[in-house]
Amino acid sequence: MASTSSTAASTNTLPWCRVEKYRPTVLTDVVGNQETVERLNVIAGSGNMPNVILAGSPGIGKTTSILCLAHALLGPAYKEAVLELNASDDRGIDVVRNRIKTFAQKKVNLPPGRHKIIILDEADSMTPGAQQALRRTMEIYSGTTRFALACNLSSKIIEPIQSRCAILRFGTLQNDQVLRRLVEVCRAEGVQYTPEGLEAVAFSADGDMRQAINNLQSTASGFGLVTPDNVFRVCDQPHPVVIQKMLASCCAGSVDEAVACISHLWTQGYSAVDIITSIFRVVKTFGDLDEDRRLQFIREIGTTHMRIVDGLQTLVQLQGLAARLCKPVAC
Amino acid sequence: MARRTRLAVVEVSSSPEPEPAPLPRADHADCDDLDMEIEFDSDLEALINEASQPPPPPPERPPKPAAPLDTGRRRALSDRPRFKLARAQAGAESTPAPAAAPGSDEEGQLWWQQHAPATAAELAVHSAKIAQVRGWMEMAADAAAGRGSRGSGFFRILVLEGPAGSGKSTCVRVLARELGLDVLEWINPLSVRLSDAAHQADDAPGVARRFEEFLLQAQRLPSLALQPADGRHREQGRGKLILVDDIPNIGHRDTRESFREALLRFVAIPAHRSFPMVVVVTESFAAQQVLEDDGARRAVRRQRDNDAWSHVDMAVWSAMDVLPAAVHGSPYCQTIRFNAVAPTIVAKALRRILHIRSGRDPAKSAKLAPATAAAVKAIADECQGDLRLAVIKLQLALAGAAPAAGDSPVGRKRRRGAPAAVDAVDGAAAVGLGEARRSALDMFHALGKVMYAKRSPAHTSGGRGRLEADPDEVLDRLPTDLGTFGLYVHENYLDFCSAPGEAAAAAECMSDADALASSGRGAGAADVYAAMVAVRGYMHARGHPLLADGAAEPAVAVRPLDDGRRRAMFAFRKPAFFENYRLRMAHSRLLRDEACAGALRLDALRLPDSRLAPDFLPFWARIAAGRGALLGPGAPARLARLAAPGCGPDALPWRLAAASVRDAQPDPLAAADPQPAPLAEDDIQDYSD
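Heads up: the sequence lines are chains A and B, in that order. Every letter in the first sequence is one number past the one before it in our numbering, and letter 313, counting from 1, is 313. Every letter in the second sequence is one number past the one before it in our numbering, and letter 386, counting from 1, is 386.
Hints in this document: simulated from the structure, not taken from any laboratory. Among these hints, one or two may not hold up.
[What the hints assert, rightly or not] What follows is a set of in silico ranges between Cβ atoms, one per label pair, in the way DEER data are often shown: (1) B:G448 x A:G320: 35 to 45 Å; (2) A:V26 x B:S511: 19 to 29 Å; (3) B:A342 x A:T28: 33 to 43 Å; (4) A:V316 x B:E261: 31 to 41 Å; (5) B:E473 x A:Q192: 26 to 36 Å; (6) B:A504 x A:E20: 46 to 56 Å.
[As the list claims (entries may be wrong)] Pairs of lysine-lysine residues, derived as DSSO-like cross-links and limited to a Cα-Cα distance of at most 30 Å, are as follows: (7) A:K284 x B:K454; (8) A:K107 x A:K79; (9) B:K348 x A:K327; (10) B:K574 x B:K348.
Note that beta-carbon positions come from the ideal geometry of N, C-alpha and C, so glycine has one too.
So here's chain B without its partners, still in its complex pose (with noise of 0.2 Å):
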């Protein structure tokens, strides 16, 4: 508790400015009428569309200052929804606070909790991203002041996704703290009434309804800001920021139903009147239940299929599986995606943070010891840009360290700035991270000794040397699981064959071991099955001398690089197989919701899997061009925004549905098709179903 409150200080701003108390506008005329300034989302066209045609939800419940509601149904303290109302603390922190904490306070803290970032300049987020998520709180705080410009009424809901570790939430906290906003967080509740059977079933939409009631107090709060209270409380309070980082468990269909609900009600409210909300959505996915799900669609196991589907379908990929598509496509809602952090970002992060432990000034860039310096930096080349892993590898790596050196912290703490104890810190640092990386095969040996596949000198002119690095021993101490090591081996594994024959028995073992992994996934044995022979398969061809085609020099780049390199250095690359099914997800995601909003129908057509419809969208629509009334006038404006959001070559089937659909509505052929008939028989069964 004590790291929220100091997370959240609320700083007296350098210019206080008491700015008008909002006034109460009857009409909010300056939300309805488009604003073209926004440039938040790139596709206009889409945009208008979006704002014209489903009309965002009229506001059911007209905001009341102070809604009273049912008094009846009131439950007990514990049970409601709490407030994680940062305090105001009397003379604002300018200092970064960890570098002054007492020594019993440090003790037993997370690092990454303690040393989160206090000031903007220390995030490790990009700057171009930091500065747009500033200018997006800007805006709506102004506008939920009651003194936004044109246009500013659309900043209600902010977006931010990206994978884990990246610093979404540590961002908004950081900004809202220097933008002086309080931030309002949602907990999700506990239910204390779980226990009697009865209310068991109203229970799970009840956190969505506690959802709503939260929002509502959370507007409400202005009205107590009006209450006459000591100035200083005033000014403070000059604004509010409503932060979701905690999402409702939305694989409940109520529960997710009715907070999408709850989102669309919130959207409706004039901005001025409430508060903006930032939504914090994490991709979250369990890789094993990706590759379960993607080994169980391509071999077709029907009765596995259901499990599948929905444990894949309650993995969050992006925005789109939190939010309904009617807010996520509305204007007021806009999406900042954050990427995995860049490795030299996570080397500075965890440098800082080893200047502060040695009490130095992090400010100034004292160097490291060499030692530390290189271990710092395999760490960040191991966490794969996610800095909240990068700190605790560090913090674990250390923990064991300060003992050796037999300087306790508080000790060290004393004698701060001597140069003797900056150094122990770094001998320990160096000494603990040097065991950290002998205690496990970290992934770039592990892959090197895959893809390198050295061996010994041969003993005989005819036979080969042996492998130098155990295949088993290598599998036996993987720094991550079998499924994903496949894939690492898989995705490099074409780098490093000299011949075609080498690599096409290489690739023979690979698909062997994806006929494997996907026929047996979950009979246990299949993933070490498919390891096995990606793995020694893959050793065994390569620099095989049969497989080398009698070429007299066996190293032939079968992929010359670009500068004539020849497989000397080069990095591994990481599969882009969960890339790629993001995308996917996201794509099929797009496609379902604009099946849904009627515009394109395909539920109609009965697609076996409506993941397939890349392929077969081209066709329909040029089938569908001649009932034009079945694709509405806005279609090819939703295509176009279908392909936006793809960049990779899985976008390309979506460009080109797209295009043929613009090319096909002038077809005379396609007009003069008679195919309508099979598919308005099938538009009635569906309906009678």
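Bound-form chain A, shown alone (with noise of 0.2 Å):
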């Protein structure tokens, strides 16, 4: 599903360099979260940073936000006083007890009031032994270190370190904002577009910053023109609208044409994965589904994609969804 784009980005002539090219170095760039990114920005004008947990989905700006503020913090000194550890890095007890104490006693010259800044990112991955080690040294060293967790769930991270910490958390981008900002890396990179084509980007991105700027790169190198079709194909997606007609039919109660189009995708070569997958984002999308209908889908369709994930990747499970689906809402 979503890393497919990703291969086909990896394969490119440009690994990359859109991601990392587009990635905001003021805090004023990042997209979305008014909020949050407003009280970051608070802190980056009162220097005094205390220990923060940022928490929210991929791609919506956690990690580009702590980078803009420890820049705007630190400036020229970033280098040296910023240590940065990712779920790639081992960070297991040891790392902690050695590399980030190492670094929190390290002397960096600072102007008065700023701190070093340890950055931990994807830190819901870290064993809870780890972050046990964590939660004192955190305390000892705060005169000359502070602490930034970037994180999926926050109730991944063990209690006593939430105390710690300041939680931000992050809430998914909306499509209008992925757009806006599509536009104009499209703009700065002369890429030919359909504003269709975006919206497709957007869509098959779900709120994701990274993946639809990966999307809209693969998309670019691949066909030269950004278009829904093109989109789809490169990221190998099944068609929102062969879905949308599926869920209309459904609705309608006509039970054969929402199989023919279950069948359709399958004969596409999709996999059962894929597919509910896309069904579950285009329902939370779909226009005019009353409140009792909406709520029978959600549950149907969650109800099968946890047997798709048990192991059922079969069509007849997709078909009898897509019957399933048909049937008149009870009450």
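Once you've looked at the hints, go ahead and assemble the two chains, each given alone in its own frame, into the complex.
Take a look at the structure:
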């Protein structure tokens, strides 16, 4: 599903360049989440950064914001006063004990009132043991060092650390926010696009800015022109128009058409997971559904999705879903 | 560092009273004879059992005053455990330091450290708890100084357990300072040897070994104090307190074992030869892992079981997870549990900080501006009893406000006490706090939007109005994660349902959501589905005309409140899930420890899951009653002790089990029960592997 697009990008002649190239460097350029970013801006102004947890789904600017904040706070001293550890770095308890502590003890000349910053990206993948070790370290070195933890789920961070951090939440990006940014990128890169094409990019990314730009780049370098068809071909996602048609026929109660749509997607070679993910995504934005029907849809799709995840990746599950969705709502 | 020395400044106590140097006594008889006057453990019977039965491990190493340990293996200085010894500063500061802090120092500090309370009166802990801790520390200090009364030899380890941010460590430090005790804190050392792989294997137990060295060195210190030094030094060093806050990585088995052994040895040292130890055990778990563990267990997903188990085993729920049972259950160890701080006390503490910030005397209860007061109250309600988090929120909220008011901290300081400055701070606070509240939905509002599920007036007669709050939008702006929010909704939904039909429909959605969530935890989308189904389902069911069962008035409360109020306004409850989970873990630990001690030999039964034992225990007791040897004479007392810690509904099975054991003992039927054969077979199997 999602990973296909990134592989497409990495085989490109311009590997990753756009994602990094268009990563904002100042806080005011960060897209979306105005309140949270504003708050970070305030911190940048006051200079005194508390320990923070940035929580939110992938690709909505957590890391970007914290990097911007670090730049704003530390300026030229950024290189030596920031330690960034990713999930790909080994982050067992020993790293916390050694690398982090050594860094915290390091002497760096900083303007008064500023602190060294340790950025732990994807902190929710740290083991609880490592988090425990972090707990007291945070406190002891708070005079010189502050921590920024970025994670997808804040509840994967143990309570004592949550208690020591200000939690800043990032909501998902709205489609128009993503679109605006995409247009900027297209203008800067001179990419040919149709408005529908960009909308398709935004849809395929589902609020994930990083993926949106990746998909845009893949489409642009693959086809030169960004149109919906090209986008979905590159991203290898079921075409949402087909799914919309399926849902519409479900609402109308015509089982045959709905099943035909599903079978059509299936014969195109999409996997069950791809199809069900797309269906869910479309339902979320599908216009004229009344409340109880939407509830019923989500419930059925969820059940089917879990079955598929459990290993039943078969056509009959999807067809069964289509059939159940055609049933009139009970109450 | 500066903070620490200030926190632990030793005051020259008002009554210096040079006490006699600790006399080296050869025997420690006062520890061995049982003193019935101790009141810490409520269950005296179990206490006696404990004390008499598993003999406290013999002091393998008789504490020598100066133990020259392996000099051959001496490590680099930075490698060694470091003593955080409070440096005695000349002229004890009697005024609360923060107010007098210089302007430059003030910048770039965290308030919860900077404005940590300096006196017991400022502690945001219930006064009874403070008195308990103080009493313990006094007794223990006396015992360490060799002038304790009878029974004070038992005051060796104090365990403070409780949720994060409830003031445990602060309480210890403040009281130690007031009592004139130096705090020696254990800090997990750096391991510099890690880089070469050859030593990697022995590094982890190394930490625990160093912990032992630390304890030994701590014991050596009294002899140092006897060295001729200037008189003041001797007076100040009249007592020390070992503080273990940074607990070694107990997730690592070897470290855990040797840490526990070190504690066992520590307990065996007589009180007057050593110093009391305070262990601070913070409840620490990650909510998501608990949810996953719970889901995994219910769905019996075998392939994931191992991961989930190891993760949750890492979580610390209570002192039982940290201390060995032989220490925790021994009379040498006392436990005081701290609770989450009540909102009113949080608000008081926040007000104190605001007063200090604005340069007013925190003792006088000056009024805050109404807006500020409201904001403070909001933070206090929001922080769930975590004082530290509340202070962080306050600081964050005010961070932007100070420049907005055009008033630098230094400038404010200069005009201290001037009403204009005070107003500026108050105003700034109000602005900043107001902003903070707008930024995201807080729990109260998010829950309110869902639970009340308000609708705009219906356009047509048959249809229902649109929901005022879009469920997706609410879910996107939550102050917490989806799983936790689902628990909140589930905890509260029944109060808001007005007809059985509604409740049934909502409950069906909840159960669907639960099934979704627990079947696919970790699959990513599962939580989203679950939250959507639960929230949408509830909002849909609430007040649905078709579900009202034809009741003329839709608002017939399913659960009428005691005072007849009808769901007009009532407080949302926190989900009981975590508390229950904590209890369950505590019970199963207890049971496992007891079983390991051989008292019940539950292992021999090969229970599928020891957590099922409460259901199982009564029968087991009946069967085993005929085989008195298995249970042993102390069994009823043990079971009573098992029943003691929980007072929630969860404890009931335990009490039943305990009661049934008592009943079963003289039961002739059970005695004649020809059951032992298969059990004995199991026994053999058990010992063979």
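Consistency of the hints with the structure:
no., hint, in the structure
1, B:G448 x A:G320: 35 to 45 Å, "holds (38 Å)"
2, A:V26 x B:S511: 19 to 29 Å, "violated (49 Å)"
3, B:A342 x A:T28: 33 to 43 Å, "holds (41 Å)"
4, A:V316 x B:E261: 31 to 41 Å, "violated (59 Å)"
5, B:E473 x A:Q192: 26 to 36 Å, "holds (35 Å)"
6, B:A504 x A:E20: 46 to 56 Å, "holds (54 Å)"
7, A:K284 x B:K454, "holds (21 Å)"
8, A:K107 x A:K79, "holds (13 Å)"
9, B:K348 x A:K327, "violated (58 Å)"
10, B:K574 x B:K348, "holds (22 Å)"
The structure fails hints 2, 4 and 9 (numbered hints given earlier, in ascending order).
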